[in-house]
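J.: Chains as they are written, first to last, in the working numbering: chain Z, 182 to 511; chain F, 172 to 454.
Just so you know, these hints were derived from the structure itself, not from any lab.
Errors might be hidden in some of the hints.
[Stated by the list, open to error] Derived Cβ-Cβ restraints for the label pairs, each shown as a range:
1. F:Pro-239 x Z:Lys-308: 46 to 54 Å
2. F:Lys-374 x Z:Arg-251: 41 to 49 Å
3. F:Gly-413 x Z:Gly-436: 29 to 37 Å
4. Z:Asp-480 x F:Asn-339: 34 to 42 Å
Where a beta carbon is used, it is the ideal one built from N, C-alpha and C, also for glycine.
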Amino acid sequence: MNKDIWVFIEQVQSNISGASLELLGEAVRLKSKMKNPGKIVAVIIGSQLSELIQVVSMFGAEKIYVADHRKLRLYQPDYYAAILTHLIHQEDPHILLIGATYIGSQLGPMVAIRVDTGIAAHCVELKIDDNDNLVAVVPAFGGKLLGDILCPNYRPQMASVKPGILEKPERIEVQSQIVPVDINFLSLVEPKLKPVGICCHEPKGVPLEQAEVVICGGWGVGDAEHWQMLEKIAAKLGGAVGCTRPALDEGWSQGEHTMVGTSGKSIRPNVYLGFGISGSTHHVCGMKDSKLIISVNKDEEAEIFNFSDFGLVGDIKEILPLLMQSLGIS
Amino acid sequence: MALKIVVCVKPIPDPAYYKDITIDPVTKTIQREAIPTIINPADKHAIEEALKIKEKFGGKIITLSMAPPNVIKNIHEALAMGADEAYLLTDKKFAGSDTWATSYILAKAIEKIGGIDLVITGTETGDGGTSQVPSQLGEWLKIPHLWNVIEFKIKNEKEVYLKTKIENGFMEWKCKLPMAIAVSREINTPRYTTIMGVMKAKKKPFQKLTFDDLNLDEKRIGLVNSPTQAGNLHLLDLSRKGKIIKGSKEELAQFIIDNLKAGGISVEADPIICSCEGETGNE
Ligand SMILES: Cc1cc2nc3c(=O)[nH]c(=O)nc-3n(C[C@H](O)[C@H](O)[C@H](O)COP(=O)(O)OP(=O)(O)OC[C@H]3O[C@@H](n4cnc5c(N)ncnc54)[C@H](O)[C@@H]3O)c2cc1C
C-alpha cells in the first residue's frame with residue numbers, strides 16, 4: 182500500500198486553475214507531515230497540455246499522469262471520471278484531492294462512487310493523523326460547526342476544497358516523471374451527454390479574493406441606486422464589492438461570483454465594510470477571517486454586530502452619500 | 172409525452188437558527204432537536220422546475236425525502252406547491268448515512284418507484300451542504316447527470332438541451348432522457364402555495380418506505396457503515412468585540428474613513444462636515 186497523494190489538475194483556458202494550484206501546495210505540505218510519505222502525483226486531463234505540464238512540474242508534482250486527446254478538450258464527466266477511475270484502480274493512491282469548483286464538485290463525488298470510497302466536501306483544513314491518514318475538516322450548518330471527517334477503511338481518501346481557502350504555493354524544483362495515459366479504453370465509454378459549447382468572460386475589476394478592502398452590501402442597501410454608490414466607493418478605494426444572497430437575488434450585484442459566504446467566496450481583506458447585512462451564519466463564515474470588520478445597520482440589535490469589530494448604528498441611505506462626497510465621487 | 176419525474180426534497184433544520192446550535196459537552200453531539208424543519212430552499216427550485224415541465228408536457232411529479240418521521244408538514248408543502256405524490260424514506264437504520272450511503276438509499280427508492288424519466292434535485296443543502304448527493308445519485312442510477320443546471324429545455328423525442336454554470340461562464344450540453352439534474356437557484360422562481368393547493372395536498376398519495384421495503388445491503392448504510400466517519404466537532408466562535416458606535420451620520424461616515432486609513436487603505440478624503448449648522452460642524 183503506497184502513501185501517494187494525488188491532485189486532479191483542472192484548467193481554466195489552458196492555465197492551471199487556482200484551486201488546483203493551491204491543492205498542489207497543500208499536497209506538498211501534507212506529505213511533509215507524514216511518517217512514511219509517498220509521491221505527489223498530478224493527473225491532467227484535456228487537450229494540448231504541454232504548457233500545463235510545465236506549470237505543474239514547477240509546484241512539486243513528482244509524477245504527472247497526462248491524458249491528452251482532442252475529445253477531452255471540453256469537460257465530459259463520463260470520460261474524465263472513467264480516466265480517474267482507471268488510474269485509481271491501477272495505482273491505488275492513498276489520498277486524492279480535487280478542487281470544489283463547478284467541475285470538481287461533480288467529478289469528485291462521481292469518482293468516489295465508481296471507486297467505492299468516501300469524499301469530504303468543501304474542506305477548510307486538511308490534516309494528517311498518527312497513521313498518516315487524512316483528516317478533513319468540513320463545515321456544517323452554514324459553517325457554524327466544523328467537523329473532522331475520516332475515511333479509515335476505503336482508498337483513496339478523497340477531499341474537495343474550494344478555491345481561495347488554501348494558500349498559494351511557492352515554486353519548488355523536483356524531477357517530474359511524465360506518464361502518458363493510454364486512453365484507448367475510452368472507446369468503450371459511450372456518453373449520452375455531449376458538451377457542445379463553453380462560454381467564459383473575464384469578470385471586471387479587482388477579484389474579490391485579492392482586494393484589500395471589500396465593501397459588502399446586503400438586502401438593506403435597498404435599491405440599485407444605492408448599490409451603485411457601493412460600486413463607486415469600492416472602485417475609488419481600489420477594492421471590490423461583495424454581496425449577500427438576497428442582494429444577488431435582487432439583481433443589484435454583478436453576479437454570483439461576488440457573493441460572500443458558505444455557498445460563495447471566502448474572503449480575508451484588511452478591511453471589510455458591511456452595509457445592511459443581518460449577520461446570518463451563511464454569510465459570516467465567508468468573511469470571518471477579515472482583519473477589521475466594520476458593519477453598518479440601522480437595527481441596534483442586528484446579529485452582525487456580534488461578529489464585527491465595530492457596529493455602526495445608522496441608515497445606509499444617509500451614510501453612503503456622505504462617504505461619496507468625502508471621497509470626492511460625483 | 173408524459174414524463175415521470177422524481178424530485179428529491181430534503182427537510183432541513185431552519186438556517187435562521189444555526190447561530191444557536193450547540194454541542195452537548197457530555198455526549199459531544201449536536202443539539203438541534205428544538206430547531207423546526209423547512210424544505211431545503213434549493214429544493215423548491217427543483218419542485219418548480221418539475222412543475223414547469225409538467226405544465227408543458229404533462230406527467231407526474233413524485234417527491235422523495237429521506238428524514239425522520241416528523242416532517243409531514245414539509246412534505247405537505249411540496250405537495251401543496253403542486254407535486255402529485257410523495258414518498259418518505261424513514262428508518263433508524265438510515266440515520267447518520269453519509270453522501271455515499273444516502274445517494275445509494277435514494278437510488279434504490281427511485282428504482283423501486285420505477286420508470287422514471289427525470290430526477291431533479293437542488294444543488295446544495297443548507298445543513299450538510301456537501302453538494303455531493305445529486306451527482307452520486309446519478310452514478311447509482313447509471314444515468315447521465317449534470318450539476319448546477321441553469322437552463323433545461325426538452326426538445327422533441329426526449330432530447331434535451333442544458334446549460335450548466337462554470338466559473339465566470341457556462342457550458343452547453345445535449346443529452347437524452349432519462350437523466351438526473353441538479354438545478355441552480357437562478358433557473359426559476361419557486362411559486363408560493365395557495366389555499367387550494369394546501370387543501371388538495373392532504374388528499375394526495377403519500378407513502379412511507381422503510382429499510383424492509385427497499386432492496387438494500389444493510390452493511391452499507393447508516394452511521395457506522397458509511398465510508399466517511401465523523402471525528403471531533405468544533406463550534407466556531409465567530410464573535411468579535413462588537414463595539415457599538417452611535418452618532419450623527421457625519422460622525423459615522425468619518426468613523427469609516429478614519430478606520431479605512433487605520434486599516435492601511437489609501438484614502439484621499441475630505442473631512443466630513445455636518446450640514447446642519449451649529450451642531451457638530453465646526454468641531
Ligand atoms: C443553503 C444556503 C446557502 C446560503 N449561502 C449564503 C452565502 O454564501 N452567502 C450569503 O450571504 N447568504 C447565504 N445564504 C442566505 C443566508 O442564510 C441569509 O439569508 C443572507 O445572508 C441574509 O442576507 P442579508 O443580511 O443581506 O439580508 P437580511 O437578513 O434581510 O438583512 C438585511 C439587514 O439590513 C438592515 N437594513 C435594512 N435597511 C437598512 C438601512 N436603510 N440602513 C441600514 N441597515 C438596513 C436590516 O436591519 C437587516 O439587518 C444561504 C442560505 C442557504 C439556505
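J.: Could you say whether the range 34 to 42 Å given as a hint is met by the Cβ separation of Z:Asp-480 and F:Asn-339?
T.: Cβ of Z:Asp-480 to Cβ of F:Asn-339: about 35 Å, so the range 34 to 42 Å holds.
J.: Just to be sure I understand the hint, the distance between the Cβ atoms of F:Gly-413 and Z:Gly-436 should be within 29 to 37 Å; is that true here?
T.: At roughly 31 Å between Cβ atoms, Z:Gly-436 and F:Gly-413 fall inside 29 to 37 Å, so the hint holds.
J.: Is it true that the C-beta distance of F:Pro-239 to Z:Lys-308 lies inside 46 to 54 Å, as the hint says?
T.: Given range 46 to 54 Å: violated, Cβ gap about 32 Å.
J.: Within 41 to 49 Å or not, the Cβ separation of F:Lys-374 and Z:Arg-251?
T.: violated (56 Å)
Comparing the model with each numbered hint stated earlier shows that hints 1, 2 do not hold.
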